[in-house]
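4 protein chains.
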Amino acid sequence: MTLKLGVIGTGAIGQEHIRRCNNVLEGAKVVAVSDINAEGAKAALQRLNSDADVCEDGFAVIQSPNVDAVLVTSWDPTHEAFTLAAIEAGKPVFCEKPLAMSAEGCRRIVDAEIKHGKRLVQVGFMRPYDAGYRALKKVITDGDIGEPLMLHCAHRNPTVPENYNTEMAITNTLIHELDVLRWLTRDDYKTVQVVFPRISSKARPHLKDPQIVLFETQKGIRIDVEIFVNCTYGYDIQCEVVGEEGIARLPEPSSVQLRKDAKLSNTILVDWKDRFIEAYDVELQAFINDVKAGQLTGPSAWDGFAASVAADACIKAQKSGAIEPIEMPARPAFYN
Amino acid sequence: MTLKLGVIGTGAIGQEHIRRCNNVLEGAKVVAVSDINAEGAKAALQRLNSDADVCEDGFAVIQSPNVDAVLVTSWDPTHEAFTLAAIEAGKPVFCEKPLAMSAEGCRRIVDAEIKHGKRLVQVGFMRPYDAGYRALKKVITDGDIGEPLMLHCAHRNPTVPENYNTEMAITNTLIHELDVLRWLTRDDYKTVQVVFPRISSKARPHLKDPQIVLFETQKGIRIDVEIFVNCTYGYDIQCEVVGEEGIARLPEPSSVQLRKDAKLSNTILVDWKDRFIEAYDVELQAFINDVKAGQLTGPSAWDGFAASVAADACIKAQKSGAIEPIEMPARPAFYN
Amino acid sequence: MTLKLGVIGTGAIGQEHIRRCNNVLEGAKVVAVSDINAEGAKAALQRLNSDADVCEDGFAVIQSPNVDAVLVTSWDPTHEAFTLAAIEAGKPVFCEKPLAMSAEGCRRIVDAEIKHGKRLVQVGFMRPYDAGYRALKKVITDGDIGEPLMLHCAHRNPTVPENYNTEMAITNTLIHELDVLRWLTRDDYKTVQVVFPRISSKARPHLKDPQIVLFETQKGIRIDVEIFVNCTYGYDIQCEVVGEEGIARLPEPSSVQLRKDAKLSNTILVDWKDRFIEAYDVELQAFINDVKAGQLTGPSAWDGFAASVAADACIKAQKSGAIEPIEMPARPAFYN
Amino acid sequence: MTLKLGVIGTGAIGQEHIRRCNNVLEGAKVVAVSDINAEGAKAALQRLNSDADVCEDGFAVIQSPNVDAVLVTSWDPTHEAFTLAAIEAGKPVFCEKPLAMSAEGCRRIVDAEIKHGKRLVQVGFMRPYDAGYRALKKVITDGDIGEPLMLHCAHRNPTVPENYNTEMAITNTLIHELDVLRWLTRDDYKTVQVVFPRISSKARPHLKDPQIVLFETQKGIRIDVEIFVNCTYGYDIQCEVVGEEGIARLPEPSSVQLRKDAKLSNTILVDWKDRFIEAYDVELQAFINDVKAGQLTGPSAWDGFAASVAADACIKAQKSGAIEPIEMPARPAFYN
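Residue numbers (our numbering), protein chains in the order written: chain A, 592 to 927; chain B, 592 to 927; chain C, 592 to 927; chain D, 592 to 927.
A couple of the hints might just be wrong.
Stretch by stretch, here's where chain B covers chain D in the computed footprint (C-beta under 8 Å, at least three residues) [claimed, not checked]:
| # | stretch |
| --- | --- |
| 1 | 739-747 |
| 2 | 791-797 |
| 3 | 808-818 |
| 4 | 832-845 |
What the simulated footprint calls covered on chain C by chain A, stretch by stretch (three residues with Cβ under 8 Å from a Cβ of chain A suffice, anywhere in the stretch; the number is not a length) [said to hold, decoys possible]:
| # | stretch |
| --- | --- |
| 5 | 631-640 |
| 6 | 832-844 |
| 7 | 870-882 |
Hints are computed from structural coordinates only; laboratory data are not their basis. No residue lacks a Cβ here, since even glycine has one placed at the ideal position from N, Cα and C.
Produce the complete structure using the sequences and hints provided.
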């Protein structure tokens, strides 16, 4: 049985997902799409060699009797409405992050899903599907390093576009850690503090770069995340978990070791697209398989809500310089 | 268009390929199989949830008008006949190694394929599809280390079954290096010498383990390959290319770095199945794509023949202790 | 010319320094010692094959016309008085840390030294003499990574004695970072904050372990130091400097790389004595050479004072949980 | 008691040893020297701030009643005569390699020493004093990797002077491995074969570079040593010991790890002088200590003879292309 997918939004990510579903993944096919620019959608389908229908809008995609499940890859501010509509229609929906433009919006989706009575929503956080993070989680879960006490993390980009501002360090960059570190530690954030080191001369004047974000979790784990988006040297994701009996570190991407020019070196990636490229495939394949199996297991609407609540507190902490509480409601039994 | 595959032989590897083609890869489906044990084949298909037909024998699979291309995963001595029959039928065939039981048998396949006038055969050498070897080859091809002068390689297994003998170090173990090193260097072997170090006390009495195989290539590159199949510590594949301007080394498989018990360590794989697991997928996907595109580009019948000629010389060198010539005929233009 | 040294205090460290000066280093000889336990001192000299005189007390050592320079390795609370007496006598003095029991005490030494008009005091901070830290500093000074923006550090011990308490994490452990990071960055601390992660179950009940100490420097560099003295796995000192154009990391101690038991591993030291063993030699040799050359260049009384001021603020921050200022007076021109 | 040393030959190495003995090492002083250029010797002593006497020739140094032990650092062809004279005079002698210009010459020294009845000679092989090789030997001796079966080694220089020829790859380069590998394995060579890879275009026309030298030892260990003296990228010494239960590798020199310009790198040394710089100190300090203790334990005249016998066979193998025997007489009980 092939899962028939509708894709809302045929921009860069939407096209990428259409290609992925039709050519790389197993068990699914894109049968309907929509885009605010219908002509663009048609051209994209042609390029992608897809015979999917072009619907009038995202709601039409969701309603289409031919569509089994929906991918939301449209303009961020439309995510909430399309996701709610998919829940209303009782159709599984994979929504790219952000799930909504606010924690309240995420909460509305959570409430709608709980009311529906069954998980229908997966948020597009792909790091839990990265082989490196999965190996790291296995080490923790297997008890190899004892209980985690501290996490030292870094998220570094060589550079960022001109429109990138201080707040986007949270909403566009840290957002991935906000999700994956909850998943890794099976814990929730309790407080956050942001400190600003000396600003790099490589950063544009309106951007405070780097930043360090400090969390305390409910269990008392202390997490520090360095965000440095003008580090110049590469796209580099670090995560070190200090446990009671040892320390585990996220694998470096595999590369040829070179002895040359008085250096023993391995290559560091520079383009973020290369870093988690396989995780995108695994993530969407998992969604397809889970939909077919009748039970979603990936990042949930609750996870999207949690990331959003944490991001709001981070931004508050950026501005206040104080230790800000992260007030998460108790996790509903529905999401256990 | 889905490529309809016939699979000859539904043992362990055959079943693995059926699962792979039906569930993991894109653009192909297994529609017919055969096995010397027809009941076993039926049971396997049931377990694999496949509706493929069970044919009377491999020749029937090849003849079946429903079958576009053939995978040969049967008993080694039958490979040649099935591959020849597929060529005769003008159908693309992916044949697991060995292509034939002798260099002469491989040569018959080469001749048949040339006579047919178009490449139809891919041999199941998967290492050229491993991401690590591909990265290593790219470094060479890009000229990063200058012209290759020497290769230092190792092929180590933690242990081997009781029936494994000295000759199998060539035919079952070194055979992978025999193929991938030709591919890596775009060169052919000229001579071979085998030396036997002190035998490991971990090896069974009838097995000379380890062995070192020394090649000179047509271009004068010197290659040493350590074969050590009772190394106890892991399944470990090493390849270091010493060039005029630098040295490049096959990446170690990625793993979590641990600080524990006074050791800073990374895990070494112990099961060979884990080492190239992704390469099997890539290899077969490439075959499927190439068949659809109308042009095979993977390891050819000529490559299978070359590996077989080299293996024969290695076995001769094991016995003689002398430097043995490896006499390869000139590569036919057909295979350029 | 051999420098004639007096050693005050012949406990473990004192004996170690006598051995070092007499047998390992060049250009000095221990000619006089004292200890609160004179019999113990005599026995030690005999074991060490030294013909040094045993003086009545430390002041007698200092006064001895035979003594050119003094090493203070006595009970911590006596350091200040002996150092002041050495200054008074105009003799160079190498004083093991702590220079005094309080910042005020250190300040009295600074004032006395300035009044004397020439540097006479070196404090026993040995990390600036470690080859690894020196290599790291060279990378920074050479501009290889641009201006430093952040330092991520860790000081981990496998375990600590029963009497070790929360405050000692600052005074006995962090004290080394307090000195070496000032030296590395050529910067002074501005504020400090201490956060307490979940306590390790390996720590005794009265000890909060681990701790994270967060500094801001005058130039705005942000430093985090993890102190974890029950980490179980080894004695591990980490220091990573994040600069505008790259990141440099303190070298791991050199060790044999092993492939064994499914692990690719290097040894981590477990005994702190092994980690900086060469630095102790280099440190004392530098003192000897500098005394002979007439100009001290190592860690100064001012450095001892600065470390003490910072340590006091750290302890205050441990208790308050707040961001505490570190109020260092301007560096006197005398110490430039 | 200070050991009074005579130094024969005050060229670069002689001056280096004078500086070392007088300023770095403990328990010795250079009291007499000689050189074919007496004026040069005087100038050197002045530069080195040494009050040693300048004797008429090396024999006068040896005869001087003021001299306890002798360092021979003169022109290679004079080594044998000075070493024999020192034995004749019953004085301990440290002779830089080569001990003599031929195996026969070395044998004459061995015979004279045996006749004298007590070890007096240490040859200047410094690698057994390198901390890395010592750590590697400890791993072997401790049984961590089981019995050694194979050694894979490399000796690479970035470049060599114009006068360096093919034979010098043995006598000037491999000579260090010829000694240290015997010491590491406590074994003797049985046969040798040399193979010549494709010649690097970086090598001058008269030089066959690289070369691979293949040994079999008495115990059956197989050793391959790559000699590559125009490798361009650095001075790189590799030694990997493959044992029955694991593999141990010579430590890489410690260096700062850098993340910069899309590379994660460590520095490789380029100047051979930096690689074993500490080993020279340790080596000579050991000689001094051993002389004082009345029992030499370092590389012996027998070791010098063994290296010379092996080197002769290597050169024969370079020319013949055949597997050449290395015929070592049985080790006299005197050297056990």
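What are the numbers of the hints the structure violates, in ascending order?
5 and 7
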